[in-house]
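Chains as they are written, first to last, in the numbering used here: chain V, 1 to 193; chain G, 1 to 582.
What the hints contain is simulated information worked out from the structure, not anything from laboratory work. Treat the numbers as computed from the prediction; the structure is a model and nothing was measured. The C-beta atom is built at its ideal place from N, Cα and C for all residues, glycine as well. Treat the hints with care, since some could be wrong.
[To be verified] DSS-like mimics (lysine-lysine), calculated; alpha carbons at most 25 angstroms apart, straight line:
#	chain 1	residue 1	chain 2	residue 2
1	G	Lys-7	G	Lys-409
2	V	Lys-186	V	Lys-166
3	G	Lys-512	V	Lys-190
4	V	Lys-185	G	Lys-300
5	V	Lys-186	G	Lys-504
6	G	Lys-300	G	Lys-512
7	G	Lys-489	V	Lys-186
[What the hints assert, rightly or not] Selected chain V positions facing chain G (Cβ under 7 angstroms, derived; list incomplete):
#	residue
8	Gly-5
9	Val-48
10	Thr-50
11	Arg-63
12	Gly-85
13	Cys-122
14	Gly-126
[Unchecked claim] Simulated coverage check for chain G against chain V, where a stretch passes if three residues somewhere in it have a Cβ under 8 angstroms from a Cβ of chain V:
#	region
15	300 to 312
16	353 to 364
17	371 to 378
18	386 to 398
As a plain string of letters, each chain reads:
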Amino acid sequence: MNGLGVARGMLITLWHFVLSYVEDIKNFPRRYRSDAKAVHQPVDTRGVFTVQYPEERLRIFERFRSFPVLIYDSETGQERCTSCGICAKVCPPQCIWIVRSKGPDGRPRPQPAEFNIDISICMSCGFCAEYCPFDAIKMDHRFELSAYEREQAFVYDKKALLVSDKYYAETHPVAAAEEEEARRKKAEAKAAR
Amino acid sequence: MMPSIDKSAIAAKLNEAVPGAVMGEDAAAILINPDRLVEACLFLRDNPELRFDYLSNLTSVDYPDHFEVVYNITSTTFQGDTLTLKTPADKADPEVPSVVPVWLGANFQEREVWDLMGIRFKGHPNLKRILLWEGFYGHPLRKDWKEAYYEEPVKPFSSRWPEGHYQRAEDRARFGDNVNYPPDWDPETFQPVPDNVRLVDYAELREEVTPGLVTQPFIVNMGPQHPSTHGVFRMRLVLDGETVVALEPIMGYMHRNHEKIGERNAYIQNMPYTDRLDYVTSMANNLSYAVAVEKLTGIKPTERAEYIRVIMVELTRVMSHLASFGFLLNDLGAFFTPFLYALEEREFILDLFEMTSGSRMMCNYMRFGGVARDLPPEFLPMARDLVHNRLPRKVDEFDALLTNNEIIKVRCQGVGVLPHETAINYSASGPVLRASGVTYDLRRADPYSIYDRFDFKVISYPEGDTYARYLVRLGEIRQSLRILEQALKQIDDTAPGDILSVKKAWQIKPPKGEVYGRTETPKGELGFYIVSDGSPNPYRYHVRSPSFINLTPLEAMCKGHKVADVVAILGSIDITMGEVDR
């Protein structure tokens, strides 16, 4: 009970305090510019941990998932979804609503007539993307989605959900290349048969 | 390995000692006659060859023709698997004897069963609702109870596909159609059930300190909005001056009937919901649920998946214990400095989770038979850097910052003492139990996954006070780092990409049966009791949550201490309200 423990703790706190200034000065001009790029904090980061959002942003990992989007082929304009309904079935909070389209003869066509996701209910689990057999539904990276109203703004229809495969390849370069490769192999195997 | 439990031999022994106690056996359990239940439990607890001194889990199942109360008991002396006891209850008027006289840990769990399933426990000291409010109509876990906006008994709902015209739940079932009232309920004359429970006899506590000056105790409601309660949690304290005379935890503010949701879901759909139980340790919750379902289905995960799981869960343990120091020190008044130091380390661990699973907190990463995705290439270098260099240094820094701090010692030593036997009897688990001198860690006591391959020590301290709980957590971080070092080395021997042992399918149909799977999460023993009827949705899904049951001994720990110490004691239990209220 001589106060040495407290004093030692205070020294550690003081060291953290000094480091926060050292690191801040090191990054001085960049940290306060409005065009600052995404920051990545390496494992040996010391001192300042705060990121000056929205001027600075943390790096987004490729697998980061916010909400689902539907992919269409940018060359043909054809959406990949066949309205098989697996995403609607596996969705834990049941927030995906699909109307299957019908041809003039009344038989179902492999295309959704309506596709709605209530993202105010969506729990961003990623099951829809994981279990989709056609790579048609994927998890997006956009997360700044605030709106002034909550009842209609967060029910995304097909138009709001569709993004091109090029956009997807930009946000998810590794996964898109892997899936492209898998599709190519599948097509080759099919052609060989 | 611990000896496995010979159920039939125990049943024979029990029937000999307490004639008429055993009604029979089924595949998983011994059926006990409710009339002899307490005697049978006392025998199992006190018999020197059996010593079932720890009530791990108590729950109930609603079968079409009867209710069943299920007890999972185990021994902290011999360790190993749990023994399941079952006792039936009548459908029309369910009542079974309370086992609180045998295991004090049954207190909150029996109140929960009464609250959600409506089974009364004869002889329970304080049988009232715990998660819902007094006056709630109905018992929501019964199969005939329908919640607001009820759509269909099980998911997937047929309205979503192929004719899934979007409709809000509020429009589908208007308010009024979706709420249950008692048949004679009248809003004009309704009087809420008063909540003025007497915790103590006030007449006894009135005393005349100086002639003519009578003092009397008074009630203070601490919470639900209070910075020290770690969420919306209330403690009703009866105070004599500043000393706690009685304490009652009041919870359920975040109750969402997790178990009913779980029974509606298909098996895999529960995985993201387990993330939301203890939202600090979602990876550990995922593992616990996966272990339970794998036990039920007999699926065995691949070698690489096992290593990935262990790495993720041990990182979670490091992170959760570090954060718990931060919370404890916040509660003691060291406002946010240690907490933010702890969160810095957590940031890197969450980065690892995000790059692998796609989410920082709601990971939803484990699957039955493996994990969702393989590790990205940058994971292992970063994890090794973290485990070998940064985290050990930071743990030492915490050690230097806190352990010998005189203020912390004065505030924590001798505060909230939970003696050895009491801790076991109260079903405390995790660091709370081990700080009371019980060397009981499920990773050793009932090994799951591949924990039998790693070299680590079970940390335990005999004092049982708040300081010992802190020391246990500090020691456990170091042991977790040891496990991580070994796992990060051994994972190189496994085949990359081999992460799922079964075909990827969104629906599984486990065989009929029931299982109690449990793992050691940072907070304590997290167990899942699952009953399968062979359909794609669980018939019964019960969560034994460590935070909830660790609150049972709170009153025993706090009695006689000052209000400021209650805050420290609650901080040292390290509860997460998402898991307490479920």
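Does the nearest C-beta of chain G fall within a distance shorter than 7 angstroms of the C-beta of Gly-126(V)?
At 6 angstroms from the nearest chain G Cβ, Gly-126(V) passes the 7 angstroms test, so the hint holds.
Given coverage of the region 353 to 364 of chain G by chain V, tested with a Cβ cutoff of 8 angstroms and a minimum of 3 residues
This one holds; 8 residues, not fewer than the three required, reach chain V with a Cβ under 8 angstroms.
Given the proposed pairing of Lys-186(V) with Lys-166(V), does the C-alpha separation stay at or below 25 angstroms?
holds, 21 angstroms
Measuring from the C-beta of Gly-5(V) to each C-beta in chain G, is the shortest one below 7 angstroms?
At 4 angstroms from the nearest chain G Cβ, Gly-5(V) passes the 7 angstroms test, so the hint holds.
With a Cβ-Cβ cutoff of 8 angstroms, does the region 371 to 378 of chain G contain at least three residues near chain V?
Satisfied; 3 residues make the cut.
Would you mind confirming whether the straight-line C-alpha gap from Lys-489(G) to Lys-186(V) stays at or under 25 angstroms?
violated, 36 angstroms
Outcome, coverage of the region 386 to 398 of chain G by chain V - at least 3 residues whose beta-carbon is closer than 8 angstroms to one in that chain
The restraint on the region 386 to 398 of chain G holds, since 4 of its residues have a Cβ under 8 angstroms from chain V and three suffice.
Compare the distance between the alpha carbons of Lys-512(G) and Lys-190(V) with 25 angstroms, and conclude whether the hinted pair is satisfied.
Violated - the C-alpha atoms of Lys-190(V) and Lys-512(G) are around 40 angstroms apart, more than 25 angstroms.
Verify the coverage statement for the region 300 to 312 of chain G against chain V, using a C-beta to C-beta distance below 8 angstroms and requiring 3 or more qualifying residues.
violated (count 0)
Taking only the CA atoms, is the gap from Lys-186(V) to Lys-504(G) under or equal to 25 angstroms?
With Cα atoms ~17 angstroms apart, Lys-186(V) and Lys-504(G) stay inside 25 angstroms; holds.
Tell me if the interface restraint on Arg-63(V) is satisfied: Cβ within less than 7 angstroms of some Cβ in chain G.
Holds, about 4 angstroms.
Under 7 angstroms is the threshold here; is the Cβ of Gly-85(V) close enough to any Cβ of chain G for the hint to stand?
The hint holds - Gly-85(V) has a Cβ within 7 angstroms of chain G, the shortest such distance being about 4 angstroms.
Checked against the numbered hints above, the structure breaks hints 1, 3, 4, 7, 9, 10, 13 and 15 and satisfies the rest.
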